[in-house]
Amino acid sequence: MSRRSLISISDLDRSEIARILRVSNRFAEVMTRDIKKVPTLRGRTVINLFLEPSTRTSTSFELAGKRLSADVINVKGSGSSIEKGETLKDTVITLGSYAPDVLVIRHASVGACQLAARHTDAAVVNAGDGKHEHPTQTLLDLYTIEREVGPLDGLHIAFVGDVAHSRVARSGIRGFQAMGARVTLIAPPTLIPRDAEDALGVAASTDIRDVADADVVYVLRMQLERMGPGGFVPSLREYAATYGIGHARLRPGQRVMHAGPINRGVEITGELADDPATLIERQAANGMIVRMAVLYDLLAEPAEAAASAAPLGVVAA
Amino acid sequence: MPARLAQRPAPPASLVVRGTRVLDPAAGIDEVRDLVVAGGRIGGPLPKDAEEVDGAGLVAVPGFVDPHVHLRTPGREDLEDIATGTRAAAAGGFVTIVAMPNTAPVVDTAPVLRALLERGEREAVVRVGFYAAITVGQAGRELTEQAELAETGACGFTDDGHPVADAQVMRRALQYQRITGLPLVLHEEDPSLSARGVMHEGAVASRLGLAGIPSISESVAVARDAVLAEYEGGRIHVCHVSAAETVEEIRRARERGVAITAEVTPHHLVLTDREVEALDPTRHKMNPPLREESDRRALIAALREGVLDCVATDHAPHAADEKEVPFEEAPFGVTGLETAFAACHTHLVRTGDLPLETLVRRMGADAAAAVGLPAPTLADGAPADVALIDPEARWVVGEGGFQSRSRNSAFLGEELVGRVVMTIAGGAMAWRS
Chain A
705 MSRRSLISIS
715 DLDRSEIARI
725 LRVSNRFAEV
735 MTRDIKKVPT
745 LRGRTVINLF
755 LEPSTRTSTS
765 FELAGKRLSA
775 DVINVKGSGS
785 SIEKGETLKD
795 TVITLGSYAP
805 DVLVIRHASV
815 GACQLAARHT
825 DAAVVNAGDG
835 KHEHPTQTLL
845 DLYTIEREVG
855 PLDGLHIAFV
865 GDVAHSRVAR
875 SGIRGFQAMG
885 ARVTLIAPPT
895 LIPRDAEDAL
905 GVAASTDIRD
915 VADADVVYVL
925 RMQLERMGPG
935 GFVPSLREYA
945 ATYGIGHARL
955 RPGQRVMHAG
965 PINRGVEITG
975 ELADDPATLI
985 ERQAANGMIV
995 RMAVLYDLLA
1005 EPAEAAASAA
1015 PLGVVAA
Chain B
44 MPARLAQRPA
54 PPASLVVRGT
64 RVLDPAAGID
74 EVRDLVVAGG
84 RIGGPLPKDA
94 EEVDGAGLVA
104 VPGFVDPHVH
114 LRTPGREDLE
124 DIATGTRAAA
134 AGGFVTIVAM
144 PNTAPVVDTA
154 PVLRALLERG
164 EREAVVRVGF
174 YAAITVGQAG
184 RELTEQAELA
194 ETGACGFTDD
204 GHPVADAQVM
214 RRALQYQRIT
224 GLPLVLHEED
234 PSLSARGVMH
244 EGAVASRLGL
254 AGIPSISESV
264 AVARDAVLAE
274 YEGGRIHVCH
284 VSAAETVEEI
294 RRARERGVAI
304 TAEVTPHHLV
314 LTDREVEALD
324 PTRHKMNPPL
334 REESDRRALI
344 AALREGVLDC
354 VATDHAPHAA
364 DEKEVPFEEA
374 PFGVTGLETA
384 FAACHTHLVR
394 TGDLPLETLV
404 RRMGADAAAA
414 VGLPAPTLAD
424 GAPADVALID
434 PEARWVVGEG
444 GFQSRSRNSA
454 FLGEELVGRV
464 VMTIAGGAMA
474 WRS
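Chains A and B supply the protein sequences, listed in that same order. Residues in the first sequence are numbered consecutively from 705, following my numbering. Residues in the second sequence are numbered consecutively from 44, following my numbering.
Check before you lean on any hint, since a few could be wrong.
With the Cβ distance kept under 8 Å, some of the chain B side facing chain A (calculated, not the full set) [stated by the list, open to error]: (1) 58; (2) 250; (3) 255; (4) 368; (5) 369; (6) 370; (7) 372; (8) 374.
Here are the in silico distance ranges between beta carbons for each label pair [unchecked claim]: (9) 797/A x 211/B: 48 to 54 Å; (10) 294/B x 907/A: 34 to 40 Å; (11) 907/A x 235/B: 29 to 35 Å.
Calculated directly from the structure, the hints in this document are not laboratory data. Nothing here was measured: the structure is a model prediction, and the numbers come from that model. Note that the Cβ used here is the ideal one computed from N, Cα and C, for glycine as well.
Bound-form chain A, shown alone:
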């Protein structure tokens, strides 16, 4: 499946997701070695085009490429020709002229990856396009849940908070459902997308007490930068009091996730964010492993990808 793009989590069916999670397991093993670099993608080129702020996704994609021995180039919005007014199309065509194998794109606008894919031969990986999708986040979330909680089949996951502005939720809902999980949205009525139940195949609730039913409570960041004027909630103070997640709202055994960055004291209490029992730090660590698996899955030859013995020999440092 080389040169296929990963723009939406829906680009992958259940068996393809399962395959990427299996490959992730093998890369997790590599990360336990002294030398954490393998020659798998030697000679391949990955360009990370990040036009919106990012710490976790950009760092983990860069490291993922490097630990697979690919040549990795990072292009950011500031300091690039984008600042001089170059359009995304022209930037993509320019980068495409260097014949990269993969173009990883983070952009503030929905549809940026579709546009890019129309203008490059490289495989396009969506690292977050506006409020639309963030498929590699979903893959790392699935990987984290499988490792730390158990099989997705029959699991109940509740997204809590700013669903309307969340690409993490939008990809997550579909990805979790594809793997057999049940998803509930719990949010203030102003932050639940219209027709959410029909559009997304979820249950929706405005009552925070409904988190009690969930096996996994996935806390969403209040995306103040995407809300604009007008106010979706009266105040962050009221939001924290009404929908914020802390130990007091959880029952024993519930696992908590958050894609970061965290607004401490808003959607999650600082105390809970620091609790090692949450999966938050595991998510960050697994991000790189799963992104290695994604790059591998996109670039390895079909026969190679199908083989269970991937070339994971150590590279001499």
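Based on these hints, arrange chain B on the given structure of chain A.
Chain B in isolation, oriented as in the chain A frame:
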């Protein structure tokens, strides 16, 4: 104060279309016979050297009238000018079009309007009229000098592209309408509700994570302006109705006697927000946005019944570059003059949703009446305004280019059935395929 329509002088056409279906529902004509055009008029003795056209299998109808186009002139002649825009109109069977004033500069003073009309007299292959702005700079605050603009020949007043958000300003415009007698042509949108939306608010927007433009942003504005028009005894024409709720507001207003007319575009009649899933702003980003199937059905039914008076294209040319950006960043608007009849014919007439006779009325006589323009007719002695249509011709939109300078058609690449093969506008040959 009559609206002025401009057209380039051209020799009057003389020809006979042999054995064609002559269809003018408004005049009660539907028969297979010869249609004579002599010296630029319908009927009369045929000149000896007149051309003979084989009309077998074709339909001759009164030329279409489009009360809503953007010719981008002055200011963005790189997107469209009066010559290319009227050629696109002619290729679509239109004989009269009216251009919107959201240009640079805005058509908000008599000299700008006068210059446009003069340009129309040099360049337009079909009749072109111009609306002037309701408010200076379309900024929604001060009324334009509407008496002078009417005297100069404005077809009406509109801030199209922007709603008149301030109710008091709209009320003043309705009061002032008693001087001009010209229609107020309203882009109905409550900007506090549509906010930063880029597509219809509904299930598809929820899946895509795109900010929605709710249907109520349109119906709320129509409800307000219907109440104002009723109170002031004014007359309003509602642009590009897109939502079922709006249809209901118009129906209710009309039932209580408000002088309200309304138009609907071919793309809202034919397409839905499902198209947006492709995230291609060139074809599917426009304002008002494509809505749901239930809205589309309501629009078709309302057009059939006459609650919506007419079809208007909202022809909105944009450069390829402007549209080749992520969906959220692209400007609103699609072209429509060259595809209007074919799209409606393919997706409404051939499917049995709308009789051909009704479509011909709604694109012709009813469109003219909605904004107070003379209606084209095939009655003997009338100026020749004829669209000759091959109802079985299949063609792919965009193949072979466009007459318009822009190609941002909602139907780009699609095969449509039915094509205008000849247009005679104001007595002169304007288009032959």
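Hints the structure violates: just list their numbers, smallest first. The structure breaks hints 1 and 8; every other hint is satisfied.
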